[in-house]
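Novice: So the sequences go chain by chain: A and B. Quick note on this note's numbering: the first sequence kicks off at 1 and runs consecutively. Quick note on this note's numbering: the second sequence kicks off at 70 and runs consecutively.
It is possible that some hints are incorrect.
Stated by the list, open to error - Which residues of chain B face chain A? A partial, calculated answer using Cβ under 7 Å: (1) Glu84; (2) Lys126; (3) Ile128; (4) Thr149; (5) Tyr151; (6) Ser176; (7) Met180; (8) Ala181; (9) Val194; (10) Lys197.
Just so you know, these hints were derived from the structure itself, not from any lab. Yeah, the Cβ is synthetic: ideal placement off N, Cα and C, and Gly gets one too.
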Amino acid sequence: MDNEHSTVEIPTDLYKMIEEKIKKTEVSSVADFIIALLKEKLSIDQSESLSNEDEEKIKERLKALGYMD
Amino acid sequence: MSLDKNTNYIVSGLERSGTSMLMQILHAGGFPMAFDNSTRPPDENNPKGYFELEGGKIINKLMEKKFPFESFRGQFIKITAYGLKFLPPGRYRVIYSERDIEEILDSMEKMARIEDLSRNDTKDVFIKLNNRIKSSILDREDVEVLFVNYNKILENPKDSIQEIHDFFNSPEFSLEKMINCVDQKLYRKRRI
Numbered sequence: 001m002d003n004e005h006s007t008v009e010i011p012t013d014l015y016k017m018i019e020e021k022i023k024k025t026e027v028s029s030v031a032d033f034i035i036a037l038l039k040e041k042l043s044i045d046q047s048e049s050l051s052n053e054d055e056e057k058i059k060e061r062l063k064a065l066g067y068m069d
Numbered sequence: 070m071s072l073d074k075n076t077n078y079i080v081s082g083l084e085r086s087g088t089s090m091l092m093q094i095l096h097a098g099g100f101p102m103a104f105d106n107s108t109r110p111p112d113e114n115n116p117k118g119y120f121e122l123e124g125g126k127i128i129n130k131l132m133e134k135k136f137p138f139e140s141f142r143g144q145f146i147k148i149t150a151y152g153l154k155f156l157p158p159g160r161y162r163v164i165y166s167e168r169d170i171e172e173i174l175d176s177m178e179k180m181a182r183i184e185d186l187s188r189n190d191t192k193d194v195f196i197k198l199n200n201r202i203k204s205s206i207l208d209r210e211d212v213e214v215l216f217v218n219y220n221k222i223l224e225n226p227k228d229s230i231q232e233i234h235d236f237f238n239s240p241e242f243s244l245e246k247m248i249n250c251v252d253q254k255l256y257r258k259r260r261i
């Protein structure tokens with residue numbers, strides 16, 4: 001990622017909620033918290049869909065574990 | 070002690086990701102639960118019990134749209150990750166457990182008594198499943214979710230369980246009992 005930044009506004013009460021939450025963690029700023037959360041969400045969204053073959057493999061394993069008939 | 074009677078509460082995650090341990094923690098804290106240990110009693114894979122309904126076979130009922138969610142409002146039930154694909158519209162609060170994927174696969178193979186010769190393919194499929202389910206529940210407006218990590222709970226029960234307790238923001242559930250119920254001796258198949 002390059003070093004250019006764009007500004008985004010969030011509601012003040014949300015900002016304060018995040019400020020309170022990160023006090024108990026190693027996260028150093030509200031910005032860092034939001035950036036990490038968004039990166040995780042974006043990487044999840046870009047994840048592949050399950051094919052029919054994938055679903056059959058999952059079902060086979062779940063049956064072997066007793067989670068499906 | 071009570072939860073909102075208009076909401077279904079779910080513990081989820083891939084199979085062998087710590088879902089039973091989470092149910093145990095919540096049970097210790099006094100959260101209302103629905104489970105039946107008689108259909109799949111405790112065993113070497115889950116010595117303290119599975120905390121499941123229907124012997125763990127809820128997924129078939131979900132796929133057939135026959136699971137009676139209305140009967141379980143205000144209580145925690147366990148539905149493993151694949152089952153969340155079939156969650157009907159409603160109102161849900163979900164605690165979703167994650168664990169090191171190699172530990173999950175080791176535990177699955179031990180429980181199913183198999184040696185997986187295409188383990189890398191299995192790993193890819195379950196990582197995909199985990200990501201798809203996480204993405205789908207994050208996108209749903211009727212689901213509030215807290216993601217927790219099995220490995221972190223065992224490494225630092227106090228901080229992780231405090232986060233679960235805070236998610237409910239209710240002093241009627243015992244944080245101390247939740248923390249005290251974590252049993253490090255049951256952390257097997259450790260890889261990290």
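Novice: Would the hint on Met180 (chain B) be counted as holding, given a Cβ-Cβ threshold of 7 Å to chain A?
Specialist: For Met180 (chain B), the interface hint holds, since the closest Cβ of chain A sits about 6 Å away, which is under 7 Å.
Novice: Using Cβ atoms only, decide whether Tyr151 (chain B) comes closer than 7 Å to chain A, and label the hint accordingly.
Specialist: Nearest chain A Cβ about 6 Å off; hint holds.
Novice: Restraint: Ile128 (chain B) near chain A, CB-CB cut 7 Å. Satisfied or not?
Specialist: Since chain A brings a Cβ to about 5 Å from Ile128 (chain B), closer than 7 Å, the hint holds.
Novice: Please check whether Lys126 (chain B) passes as an interface residue: C-beta within 7 Å of a C-beta belonging to chain A.
Specialist: holds, 6 Å
Novice: Please check whether Ser176 (chain B) passes as an interface residue: C-beta within 7 Å of a C-beta belonging to chain A.
Specialist: Cβ of Ser176 (chain B) sits 10 Å from chain A, so the hint is violated.
Novice: Regarding the hint that Lys197 (chain B) lies at the interface with chain A, is the smallest CB-CB distance below 7 Å?
Specialist: Holds, about 6 Å.
Novice: With chain A as the partner, please determine if Val194 (chain B) meets the hint condition of a C-beta pair closer than 7 Å.
Specialist: holds, 5 Å
Novice: Does the CB of Glu84 (chain B) sit less than 7 Å away from some CB of chain A?
Specialist: Holds - the Cβ of Glu84 (chain B) comes within 7 Å of chain A, reaching about 5 Å at its closest.
Novice: Hint validation: Thr149 (chain B) versus chain A, beta carbon distance must be below 7 Å. Holds or violated?
Specialist: holds, 6 Å
Novice: Take the shortest C-beta to C-beta distance between Ala181 (chain B) and chain A; is it under 7 Å?
Specialist: holds, 4 Å
Checked against the numbered hints listed earlier, the structure breaks hint 6 alone; every other hint is satisfied.
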